[in-house]
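Asks: Residues per chain are reported as follows:
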Amino acid sequence: MRLFGYKLTWLAQIGLLIVALNVFVALFAPWIAPFDQATPVGEPWADPDWRHWLGLDNLGRDLLSRLIYGARLTIGLALVITALSFAIGIVTGFLAAVAGGWVDQALSRLVDLLLSMPTLIFAFVVLSVLGTAIPVLIVTIAVLDSTKVFRLARSVAMGLVNLEFVEAARLRGEGWWWIITREILPNSIPPLTAEFGLRFCFTFLFVASLSFLGLGVQPPDADWGSMVRDYRDMIDYGSIAPIYPAGAIALLTIGVNFVVDWMLSVHSRGQGEGA
Amino acid sequence: MNAPATDPQLKDPIVLDVRAMRIQVRTDRGDGPVLVDDVSLQLKRGEVIGLIGESGAGKSTIGLASMGYTRRDCFIVGGEILFDGADVRKMSADERRRLRGPRISYIAQSAAASFNPAMTLMDQVCEAAIRHGVLTPEAARAEAVSLFRQLDLPDPEHIGERYPHQVSGGQLQRAMAAMAMVARPDIVVFDEPTTALDVTTQVECLAAFRKLVREHGAAALYITHDLAVVAQIADRIMVLRRGKMVEFGDSRQILQDPKEEYTRRLVSERVAGHAFVDSSAAASPPILSIENVSANYPGKPNVISNVSMEVRKGDTVAVVGESGSGKSTLARVVTGLLPRSEGDVKFNGVSLPPRLAQRQRDMLRRVQMIYQMPDVALNPQHTLLETIGRPVEFYFGRSKAEVRERVLELLRQMELPEAFISRKTSELSGGQKQRVSIARALAAEPELIICDEVTSALDQLVGEEILRLLKKLQDDLGVAYLFITHDLSTVKRIANKVAVMLKGKVVAYGPTQEIFAPPYHPYTELLLSAVPEMRPEWLDEALARRNARAVV
Chain X
1 MRLFGYKLTW LAQIGLLIVA LNVFVALFAP WIAPFDQATP VGEPWADPDW RHWLGLDNLG
61 RDLLSRLIYG ARLTIGLALV ITALSFAIGI VTGFLAAVAG GWVDQALSRL VDLLLSMPTL
121 IFAFVVLSVL GTAIPVLIVT IAVLDSTKVF RLARSVAMGL VNLEFVEAAR LRGEGWWWII
181 TREILPNSIP PLTAEFGLRF CFTFLFVASL SFLGLGVQPP DADWGSMVRD YRDMIDYGSI
241 APIYPAGAIA LLTIGVNFVV DWMLSVHSRG QGEGA
Chain V
1001 MNAPATDPQL KDPIVLDVRA MRIQVRTDRG DGPVLVDDVS LQLKRGEVIG LIGESGAGKS
1061 TIGLASMGYT RRDCFIVGGE ILFDGADVRK MSADERRRLR GPRISYIAQS AAASFNPAMT
1121 LMDQVCEAAI RHGVLTPEAA RAEAVSLFRQ LDLPDPEHIG ERYPHQVSGG QLQRAMAAMA
1181 MVARPDIVVF DEPTTALDVT TQVECLAAFR KLVREHGAAA LYITHDLAVV AQIADRIMVL
1241 RRGKMVEFGD SRQILQDPKE EYTRRLVSER VAGHAFVDSS AAASPPILSI ENVSANYPGK
1301 PNVISNVSME VRKGDTVAVV GESGSGKSTL ARVVTGLLPR SEGDVKFNGV SLPPRLAQRQ
1361 RDMLRRVQMI YQMPDVALNP QHTLLETIGR PVEFYFGRSK AEVRERVLEL LRQMELPEAF
1421 ISRKTSELSG GQKQRVSIAR ALAAEPELII CDEVTSALDQ LVGEEILRLL KKLQDDLGVA
1481 YLFITHDLST VKRIANKVAV MLKGKVVAYG PTQEIFAPPY HPYTELLLSA VPEMRPEWLD
1541 EALARRNARA VV
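Those protein sequence lines, which keep their order, are chains X and V.
According to the numbering used here, the first sequence holds residues 1 to 275 in order.
According to the numbering used here, the second sequence holds residues 1001 to 1552 in order.
Hints in this document: simulated from the structure, not taken from any laboratory.
Glycine included, each C-beta is placed from N, C-alpha and C at the ideal position.
Relax, there's no trap hidden among the hints.
What follows is a list of derived Cβ distance ranges for each label pair:
{"no.": "1", "chain 1": "V", "residue 1": "Glu1445", "chain 2": "X", "residue 2": "Trp177", "range": "24 to 30 Å"}
{"no.": "2", "chain 1": "X", "residue 1": "Ala106", "chain 2": "V", "residue 2": "Ala1142", "range": "56 to 62 Å"}
{"no.": "3", "chain 1": "X", "residue 1": "Leu264", "chain 2": "V", "residue 2": "Glu1445", "range": "39 to 45 Å"}
{"no.": "4", "chain 1": "V", "residue 1": "Pro1298", "chain 2": "X", "residue 2": "Phe24", "range": "55 to 61 Å"}
Residues of chain X placed beyond 10 Å of chain V at every Cβ, according to the derived structure:
{"no.": "5", "residue": "Leu17"}
{"no.": "6", "residue": "Pro30"}
{"no.": "7", "residue": "Arg109"}
{"no.": "8", "residue": "Thr132"}
{"no.": "9", "residue": "Phe202"}
{"no.": "10", "residue": "Asp233"}
{"no.": "11", "residue": "Tyr237"}
Hey, can you work out the whole structure from these sequences and the hints?
Replies: Dropping the structure here:
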């Protein structure tokens, strides 16, 4: 099996399968899910049967349906947050590297400032003040996360700005937007892609932990993190209900990383000198 | 200790026997190109074979394969490599590892990139011999010191205590030779060991290598693209092209009586050269005048001080000097990448602002630059249309169709196929990339092009074509060149004016015929005498001249 002309390793095939399955489920959740995510359909903690394959939850809602709807919210949120944090981090990071001087100093120190506070506590404070609406959640986490992207983007770009093709663009008189988008970005895709895969998983877990603490996704919407929180007490009673959302988080994380690893190995392959 | 374990007479005189070796690239995407095709050679003990060819000829691949090593995705797919009678290909990884270091060793092109910056020279020089248990640590150190002495390194007793960044490039290259020799290997593979060095340093290293090989009786493969260098050291020369053997024979025969057309072209290139220079340009007003310019990096002493020169329409002014002489810094000052601290740079009589950011777009257009390394001078992700078309669009604001038309015209002018327009620059060869760099510079329709070592990363014949192209463009368009180089043979042929730089100052400046004719400035003479010639006797003569001068 091949993708973009490169042979897929079997790990990459598994990863791709997992990701595709998750995306499919997230996209078509309303058509796939047998029940509504928010409506109780039976006794709380009813055992699995042929209608409710995974059983019912603490309020008597169908667990499988919540897991399916949860995929939509969890993956969607993580994707939007990661994309936004990359947009912010890449533009500022590249700008710092290209402009240098006081621009670099100002941006770097600002990032240091943000990094000096524990992310979770910081998010906690911001969300307590501004409320837990989804857009607030997205922007807050994206900004906090973009500090890490900034550091990577800046260091990658630092290695590129001194190369002669960037110097040639500067000698031509190109502005910083051209240099960032046309000269540096196309040449820093591999490390950024790898980081995207990792960050995606981290964001995912971060949203989950915020939800777990009650500051993330609010009920009755389902997301995997809040599901783990809601069902965690049931472990004491021998129920495996919290394992399903936790397992879903783990599975998608592994799948994404398989794909990212494969992309990295394809990109890092040297061209060889042939001399 | 120093005596060989057994009498060499009793052993097979052939230490390395390569038979019909074939090396091919194999990746996930299937079989790639054949890098080495049907190459055979027999290396006798104490013999030096020179492998010569352009990049991509398979020289390094052969050198590495003789140690049973290939680069990633390359595989030895055919033939035999017999090391002292045993086939390297059939050995286990462990057996091969035992071979490398004690029996066969390797000297890489860039010593600076090959040494671990966090370990002292001595530790690295002795490491292989100690790890393999060939020598005790004390014996290895004693051997290393004696090698340092033979290699004419300063302070041989203590230089081993230094770290790689504390010695010069030429010294590091010699330390690497010591590393290769310390375990007394049967074969040493020299992979372009002097290519990254200045001419004057190259002479010292060549002399040291030759002494080492002769005194220790080791056999050697000497890989280089420079025939004049290999002439000084090799007994036999193999000429390679595109992975195939072109000619193999005695050094003198190859140099004086080459049988094959390709060899003949290589040899005649070095011997004759073609003079491109016509008379000095007419006394038109100067395009560029550099007046008493000094510049430094913040908080550092001056890199260039009090430099003056002029470039007129149709001129080629060469700036020569060793690395560190400030010639590239001069280019950075002219382009405004490094603001000058004193003096003035005038373009068509108008003073240029010191900083790039203060210059107007039209000023930037008139001065273009071509770089040394075409691999990094072009954005590997851009197509030729984007690369060459951008200046046309940027400076002249033409429409898409006009840009495309202009790019096609430039490609024709560069003698590149028009179909290349949609290719990415990373898909081209070194020479083709350099042509694209020139096209990009010309697209801006400049009056002055700064050429920073434009041929030194290219193979001889390819570099020659680039020079010819530059000359043709100058005749057609009247563009002036500021030509930065360390290669004096190039300068003599293409420049009508020369500025010789030493430690940031211009020590000699004037028309080429005058600078390169007696009476020389002493530094010019030193540079000239260090350019290798294609005679095996040249190295001895050069060393003799140097000693004579030292005595005086």
